[in-house]
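> Work out the full structure, taking the sequences as your base and the hints as a guide.
There are 2 protein chains.
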Amino acid sequence: MFTLEILCVGNELLSGITINTNAQWISNKITESGGFVKRITVVGDDVNEIASAIKESIARVPNWLILSGGLGPTYDDKTLQGIAIGLDLDLVLDKTAVKMLRKSYARRSMNYELDEVRLKMAKIPRGSIPIQNPIGTAPSILVEATPHKTKIICLPGVPKEMEAIFLESVLPQIKNTIGEFYLKEGSFEVTAVSEAMLAPMLSEIVESNPSDYTYIKTHPQEYSTENKPRLRIQLVAKGKDQNEVEMRYNTICNTLVEEIRRLQGEIN
Amino acid sequence: MFTLEILCVGNELLSGITINTNAQWISNKITESGGFVKRITVVGDDVNEIASAIKESIARVPNWLILSGGLGPTYDDKTLQGIAIGLDLDLVLDKTAVKMLRKSYARRSMNYELDEVRLKMAKIPRGSIPIQNPIGTAPSILVEATPHKTKIICLPGVPKEMEAIFLESVLPQIKNTIGEFYLKEGSFEVTAVSEAMLAPMLSEIVESNPSDYTYIKTHPQEYSTENKPRLRIQLVAKGKDQNEVEMRYNTICNTLVEEIRRLQGEIN
Chain E
1405 MFTLEILCVG NELLSGITIN TNAQWISNKI TESGGFVKRI TVVGDDVNEI ASAIKESIAR
1465 VPNWLILSGG LGPTYDDKTL QGIAIGLDLD LVLDKTAVKM LRKSYARRSM NYELDEVRLK
1525 MAKIPRGSIP IQNPIGTAPS ILVEATPHKT KIICLPGVPK EMEAIFLESV LPQIKNTIGE
1585 FYLKEGSFEV TAVSEAMLAP MLSEIVESNP SDYTYIKTHP QEYSTENKPR LRIQLVAKGK
1645 DQNEVEMRYN TICNTLVEEI RRLQGEIN
Chain Y
1405 MFTLEILCVG NELLSGITIN TNAQWISNKI TESGGFVKRI TVVGDDVNEI ASAIKESIAR
1465 VPNWLILSGG LGPTYDDKTL QGIAIGLDLD LVLDKTAVKM LRKSYARRSM NYELDEVRLK
1525 MAKIPRGSIP IQNPIGTAPS ILVEATPHKT KIICLPGVPK EMEAIFLESV LPQIKNTIGE
1585 FYLKEGSFEV TAVSEAMLAP MLSEIVESNP SDYTYIKTHP QEYSTENKPR LRIQLVAKGK
1645 DQNEVEMRYN TICNTLVEEI RRLQGEIN
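Sequences listed follow chains E and Y, in order.
Under my numbering, the first residue of the first sequence carries the number 1405, and numbering increases by one thereafter.
Under my numbering, the first residue of the second sequence carries the number 1405, and numbering increases by one thereafter.
What you were told as hints is all true, and nothing was included just to trick you.
Pairs involving identical chains hold if they fit within one copy or between any two copies, as the list cannot separate such chains.
With a Cα cut of at most 20 Å, we get these calculated PhoX-like pairs of lysine-lysine:
1. LYS1507 to LYS1632
2. LYS1564 to LYS1621
3. LYS1442 to LYS1459
4. LYS1632 to LYS1564
Source of the hints: derived by calculation from the structure; they are not laboratory data.
Take a look at the structure:
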């Protein structure tokens, strides 16, 4: 199983000021491509918190750890420092990263002097690879954590910058490792059937199908005006073989529909 | 410092199907009341993942750990099992919780038989306290983790149910412990000033103010049509004394505005 973790850094995510759209966007892209996000963690702009979260994550040996946030020039941008402490690496001024900064400023016809504050964005953990930020300023960095070879990518927190670098430099690598992958998804709403009524059949379906590649979730909705339970049922089938996935999806769908009709019949 | 962690359970949060509005809503309420959310974790519907995340969290000794999701009757609702494993407690059928289930069904004029599937929602970790779900079915549970007395509350994943129980049974306890608290917040947008330009002044401000109770964040926006950097600056001051908070907020605001004018003057 190809597993990933996401670590988002930013006080604004812990105070409820900002909703974590980055984590959702990234997990969506990964799931569509056949990867499994095993955990999402959010910590504040605190170098020790970042370092601990990184150490804990790589101890769980995901294939990738995707970080987002904390790469900028301000006092609260501490992700690179966190990586350095977490992986016990020095921070070094990287020539390629400096060139990337110059390129970013030149793109906007800015001839900023690369002072201490700006150069902070080019001080990266020894052995990591900087990646040009095509929209904003701070380069991303890619570093491999020994001994389990977890790939760690640090992306900016600004959504457009994060998305651009992820699509250009991360997703192709992930897709390449996973290979062929197919996902079929659908959802439907039913009335007069509750979660508890459907629970035994759901267990049966899940037990007789490859559990990591089949997903059925019931989302209870508000009761109908006739005071009947309402459910939204979500079904996902995935796998490497399109025909097998389609067949599995359709078989489960038919089983569910039959059971729902039976249950509704029992009530009426 | 009064600290909390949030643990959200649900595959749908790891696959990007659902955005984690619960975590944002909870952290917002806590921050407004003077508490500090130190970490948000999301794990899937996997009993071992839930148990590990709980153990890791209580080892960091927050005052509260707030869980959301996984309390229902279906195969993938595993939070109570996760608590039992994580805290090494038995699951026992609780009479009060059974009464709560009956009350929930009666509220909707449902005379469901309390079969094995439904009774699962009343099998709670030994020593925990069930809390009536005023909207849905599954009771919440409150349990204290020894030896550090972290209070653990398990809330439903359905937002309306979660919010109702949180407001009724959790927030008053938190507010009561924290006591008097005041928060002032504002944000403004500036053009022609970049994060890097403002960084030294931000560091100065943060160093000369109580850092846990003062928050300044710069959010880079898209460049203006004249190709100038744009920033949204967010300022939060909080504390127990309203006058002190107001004064601190205003002083920082004035310092920032002066610095921004100076920087804009330098450019023009």
